[in-house]
Amino acid sequence: IVAASGFCIAALLAGQYGVSLLLLAFIGALLGFFWYNKPAAKIYMGDAGSLFIGGFLAAVPLLIKWSAIRYGALYVALIIPAIPLVEVACLVVIRTWKGIPFYMGSPHHFAIYLQNKGWSRWWIITFSVAAGIYLNLFSILFLQQIIGAAGLIAAGIIFCACWYGAVFSALFIYPGSKFAAARVVKKEDSISESSSVESKN
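Numbered by the working numbering, the letters in the sequence shown go through residues 1 to 201 in order.
Simulated from the structure, these hints should not be mistaken for laboratory data.
Honestly, I wouldn't trust all of these hints.
Lysine-lysine pairs mimicking DSSO-like chemistry, simulated, CA-CA at most 30 Å apart [said to hold, decoys possible]:
id : residue 1 : residue 2
1  : LYS178    : LYS38
2  : LYS178    : LYS42
3  : LYS178    : LYS98
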């Protein structure tokens with residue numbers, strides 16, 4: 001929904017009202033689905049639905065005349081949907097590192113990492129929406145020529161740092177979560193190993 005909104009604004013800035021109308025219909029359909037999919041969900045989306053959404057968002061940038069907005073506007077087509085792009089890139093790297101074929105399913109999605117940190121589903125949704133709005137905001141500022149390429153790159157670096165800090169680092173772990181329990185077990189194991197070494201000595 002957030003990425004489609006960003007593309008809709010870009011289409012309006014390019015003067016392509018037909019594309020923006022298509023995106024508005026798409027956003028309306030997603031909002032209608034989300035009303036029944038929000039926690040606790042009454043309906044769920046399968047692979048066919050998620051693949052359609054991904055394919056739609058991948059095709060939409062090809063319909064927008066980025067050159068009609070400003071020079072270099074095409075890069076915004078990678079900034080607006082950065083969350084799913086970063087998600088896919090991280091999944092490929094993590095699965096390859098762990099010896100899992102990248103096309104196989106695995107519990108290494110960022111939402112699952114955050115759940116294991118003790119985040120609620122609503123906090124994960126809020127985090128995702130806030131990150132998407134942040135990307136949209138700086139994309140629009142760039143398209144409106146309020147900031148330049150350096151500002152867009154700086155915003156991207158901040159996004160990557162915050163994303164890594166929230167998802168993969170030891171920050172923002174709630175007490176009692178799986179990650180916190182794993183750290184406690186690891187600490188206890190290291191203490192027991194050191195004590196056994198001392199007893200042997």
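Evaluation of the provided hints:
{"no.": "1", "hint": "LYS178 to LYS38", "result": "holds (24 Å)"}
{"no.": "2", "hint": "LYS178 to LYS42", "result": "holds (27 Å)"}
{"no.": "3", "hint": "LYS178 to LYS98", "result": "holds (20 Å)"}
Against the hints set out earlier in the document, no violation occurs for any number.
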